[in-house]
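Order-wise, the sequence lines are chains A and B. Taken in order, the first sequence gives residues 1 to 418; the numbers are from the UniProt record's numbering. Taken in order, the second sequence gives residues 1 to 418; the numbers are from the UniProt record's numbering.
Watch out, some of these pointers could steer you wrong.
[To be verified] Listed next, the in silico DSBU-like pairs over lysine-lysine satisfying Cα-Cα at most 35 Å (straight line): (1) A:Lys358 with B:Lys12; (2) B:Lys12 with A:Lys12; (3) B:Lys283 with A:Lys336; (4) B:Lys242 with B:Lys194.
[Said to hold, decoys possible] Take a look, some chain B residues computed to stay more than 12 Å from chain A by CB distance: (5) Lys151; (6) Ser171; (7) Phe180; (8) Glu224; (9) Val287; (10) Arg355.
[Said to hold, decoys possible] Which chain B residues stay away from chain A? Per the calculated CB distances, all over 10 Å, these: (11) Asp239; (12) Arg277; (13) Thr405.
Simulated from the structure, these hints should not be mistaken for lab results. For clarity, every value in this text was computed on a predicted model and none was experimentally measured. Don't be surprised by glycine CBs; every beta carbon is placed ideally from N, CA and C.
2 protein chains.
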Amino acid sequence: MDIKNYVTEKAKNSKLAAKKLSYMDTNTKNKALLEMSKALLENKDYILSQNKIDIEAAEKIGTSKALIDRLTLDDKRINNMAEALIKTASLQDPIGEIIKMWKTPDELQIGQMRVPLGVIGIIYEARPNVTVDAAALCIKSGNAVILRGGKEAINSNTAIIRVIREAVIKSGLPSGSIEFIDITDRETVNVMMKLNGLIDVLIPRGGAGLIKSVVENSTVPVIETGTGNCHVYVDKYADFEKAENIIINAKLQRPAVCNAMESLLVHKDVADEFLPRLCKKLKDLNVEIRGCSVTQRIVSDVVPAVDEDYAKEFLDLILSVKVVGSLDEAIDHIFKYSTNHSEAIITENYTNAQRFLKEVDAAAVYVNASTRFTDGEQFGFGGEIGISTQKLHARGPMGLNQLTTTKYIIYGDGQVRK
Amino acid sequence: MDIKNYVTEKAKNSKLAAKKLSYMDTNTKNKALLEMSKALLENKDYILSQNKIDIEAAEKIGTSKALIDRLTLDDKRINNMAEALIKTASLQDPIGEIIKMWKTPDELQIGQMRVPLGVIGIIYEARPNVTVDAAALCIKSGNAVILRGGKEAINSNTAIIRVIREAVIKSGLPSGSIEFIDITDRETVNVMMKLNGLIDVLIPRGGAGLIKSVVENSTVPVIETGTGNCHVYVDKYADFEKAENIIINAKLQRPAVCNAMESLLVHKDVADEFLPRLCKKLKDLNVEIRGCSVTQRIVSDVVPAVDEDYAKEFLDLILSVKVVGSLDEAIDHIFKYSTNHSEAIITENYTNAQRFLKEVDAAAVYVNASTRFTDGEQFGFGGEIGISTQKLHARGPMGLNQLTTTKYIIYGDGQVRK
Numbered sequence: 001m002d003i004k005n006y007v008t009e010k011a012k013n014s015k016l017a018a019k020k021l022s023y024m025d026t027n028t029k030n031k032a033l034l035e036m037s038k039a040l041l042e043n044k045d046y047i048l049s050q051n052k053i054d055i056e057a058a059e060k061i062g063t064s065k066a067l068i069d070r071l072t073l074d075d076k077r078i079n080n081m082a083e084a085l086i087k088t089a090s091l092q093d094p095i096g097e098i099i100k101m102w103k104t105p106d107e108l109q110i111g112q113m114r115v116p117l118g119v120i121g122i123i124y125e126a127r128p129n130v131t132v133d134a135a136a137l138c139i140k141s142g143n144a145v146i147l148r149g150g151k152e153a154i155n156s157n158t159a160i161i162r163v164i165r166e167a168v169i170k171s172g173l174p175s176g177s178i179e180f181i182d183i184t185d186r187e188t189v190n191v192m193m194k195l196n197g198l199i200d201v202l203i204p205r206g207g208a209g210l211i212k213s214v215v216e217n218s219t220v221p222v223i224e225t226g227t228g229n230c231h232v233y234v235d236k237y238a239d240f241e242k243a244e245n246i247i248i249n250a251k252l253q254r255p256a257v258c259n260a261m262e263s264l265l266v267h268k269d270v271a272d273e274f275l276p277r278l279c280k281k282l283k284d285l286n287v288e289i290r291g292c293s294v295t296q297r298i299v300s301d302v303v304p305a306v307d308e309d310y311a312k313e314f315l316d317l318i319l320s321v322k323v324v325g326s327l328d329e330a331i332d333h334i335f336k337y338s339t340n341h342s343e344a345i346i347t348e349n350y351t352n353a354q355r356f357l358k359e360v361d362a363a364a365v366y367v368n369a370s371t372r373f374t375d376g377e378q379f380g381f382g383g384e385i386g387i388s389t390q391k392l393h394a395r396g397p398m399g400l401n402q403l404t405t406t407k408y409i410i411y412g413d414g415q416v417r418k
Numbered sequence: 001m002d003i004k005n006y007v008t009e010k011a012k013n014s015k016l017a018a019k020k021l022s023y024m025d026t027n028t029k030n031k032a033l034l035e036m037s038k039a040l041l042e043n044k045d046y047i048l049s050q051n052k053i054d055i056e057a058a059e060k061i062g063t064s065k066a067l068i069d070r071l072t073l074d075d076k077r078i079n080n081m082a083e084a085l086i087k088t089a090s091l092q093d094p095i096g097e098i099i100k101m102w103k104t105p106d107e108l109q110i111g112q113m114r115v116p117l118g119v120i121g122i123i124y125e126a127r128p129n130v131t132v133d134a135a136a137l138c139i140k141s142g143n144a145v146i147l148r149g150g151k152e153a154i155n156s157n158t159a160i161i162r163v164i165r166e167a168v169i170k171s172g173l174p175s176g177s178i179e180f181i182d183i184t185d186r187e188t189v190n191v192m193m194k195l196n197g198l199i200d201v202l203i204p205r206g207g208a209g210l211i212k213s214v215v216e217n218s219t220v221p222v223i224e225t226g227t228g229n230c231h232v233y234v235d236k237y238a239d240f241e242k243a244e245n246i247i248i249n250a251k252l253q254r255p256a257v258c259n260a261m262e263s264l265l266v267h268k269d270v271a272d273e274f275l276p277r278l279c280k281k282l283k284d285l286n287v288e289i290r291g292c293s294v295t296q297r298i299v300s301d302v303v304p305a306v307d308e309d310y311a312k313e314f315l316d317l318i319l320s321v322k323v324v325g326s327l328d329e330a331i332d333h334i335f336k337y338s339t340n341h342s343e344a345i346i347t348e349n350y351t352n353a354q355r356f357l358k359e360v361d362a363a364a365v366y367v368n369a370s371t372r373f374t375d376g377e378q379f380g381f382g383g384e385i386g387i388s389t390q391k392l393h394a395r396g397p398m399g400l401n402q403l404t405t406t407k408y409i410i411y412g413d414g415q416v417r418k
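Isolated chain A, as found in the complex (with noise of 0.2 Å):
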């Protein structure tokens, strides 16, 4: 089989289909979000048992245990997945939006109109619900989609797709709205790729190995959902109880996600008192404490901190720390080491907050509330299809208006330019 022409006839067939949707009437798109939901529901054992398939394989490979949840359904993950397509139909249409409309001294009405991306591609790694929230979402903003998941999932992926699709033809949508990429070779990757004017926009999902790969490689443009270095900085200001219970869920209510705090700076005026009894509580949770000389001084136990522990998401029961002796130091130390996702000040003080709001450069810069906000449906987007934490077309939660463009219309009346 020739890989290269396999994926390109996907790509030309979605390219017709995000033709069609680009127009598509919002009650024919809800409606085929509503029968794709009934579908998973009808087709239960069915995905069930070909995610078995994909279960056994995996564990006679002795692939670990994390890995195994993220691929595993059961009822209430395929009730999960039906209920999110329903959600994704009540959403606000994005598409036809007119963001704005002004008249130019010429008499030319110019407005600014929402419209779909086109054609995106999503490549992702394990979980099999990623292939029916990817595929609602980019629907219902009118936009063909194709997908190209693990190789450790396919035979779940390849039977969600089999009864989403039938649901879609089903309701009147193109047969390319949603295409599957289902050879699970390396290289239809690097055929997606290089297929500009074909593909639209790649948003790759996974690990960082995966995304640097995409983003160093593709000639097709890429929004990168990248990894999150977030720093909590307790100013001198700072209500001591705020910020333990902010540092607390930042840190462990779900330490192995993107928003999830990683590193943590204190005032020096305030370390004293703070960091002993904080320290303290994060050690009774396991937490492993990786301090500068001031920390380590301050607190026992403190594993001392490199360099490299600053720049790391560790994504686990770690958090470096560090004692600042201002607002500037904390703010350049973020500068210095952070990827930009999500940032947080702890403050009382009015100053201080708007500075750091003004100052520190991030998808999400937070006063006096957690890092793990960011995401869609915190935000108030209904899903999402990712975190970006690149600044071009789309920054911080990915929800529907993320995956459109604009295109200007104009009404004129004969108007030439002079």
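Starting from the known structure of chain A, arrange chain B on it as the hints suggest.
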């Protein structure tokens, strides 16, 4: 000299400058623009003398007249550059605008704030005025800029940079606000294209070859300012007078630019009446007509069009013409051949106008107006750094807003995620 090291050091300087520029107050930025303007006028003789060196060198190697014209500076052109700076100073500062703000059920107040992209790399060719225009738009929008001009203008650019950089520093902006790569070795571009983390976006401005090379080789995100294969479709219900005026304007007002018309589609029911008269006028204006078989039958002296003629951006006094059977066929033809820049329908029919606006996908879609209006100045943006033909980030004319990204700022009161 180690080129990689040289370019990287410049970019590091830019990144440091970008940090300060990102929250620089509007008055200081405006003052710098006005100082730059003044400095250009004060150093006119010096700039013209350096420009003369470039022109002589170009003449020596037999450069085309058109290119030499683009390269040439004179009193008036320097005055124009100085005026453009004053105008940019008068535009509203996009930075700090809160595009929207809302409250979540957790009582978090979330705002989306416009912030600079950071460091913008501009890779451009002959025209020295780009040096000033690009620098002005970048500074006003709080970005640091790295300029890499063509070797044919190296003396002019070096002189301009020396003059405006001095003004910038005098005004209190960081020295890295404007960096200039004064080595014309092609390798400098290669280095820029790989400086992820130091350069936030690259904007190539120039010929198709330059743009293609940057799009294909850059790992830094690129904004593509591309080609325009722009169509005008004369509907069955067109007002012939409007149609004729618009076609002549779109084709001839400035044929060598991307928003000029390249291809004409005419509904079959009006072709017999409309085409002969129009083509006569066009031929009198020295436009070569390359037509389909129907056009050849209706109009005399038509060059038979081959398929490539419909795909080509002539940038010259050549027009491809096709008679189509319906609005659907026109839309399909545009879908197939368009570069999605600017497309126009001429019609008095309400439903056809609305369908064309909805179904044609391009940066700018017109009813009854010339494609030549696709321009930052004409759209009311007060200037532009190019016209994006990609869908990601910016589409259409790129003014100050398109040189920005956003960050979410979140005002909390101790909230944690449940």
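Which numbered hints does this structure break? 2, 3, 4, 8, 10, 11 and 13
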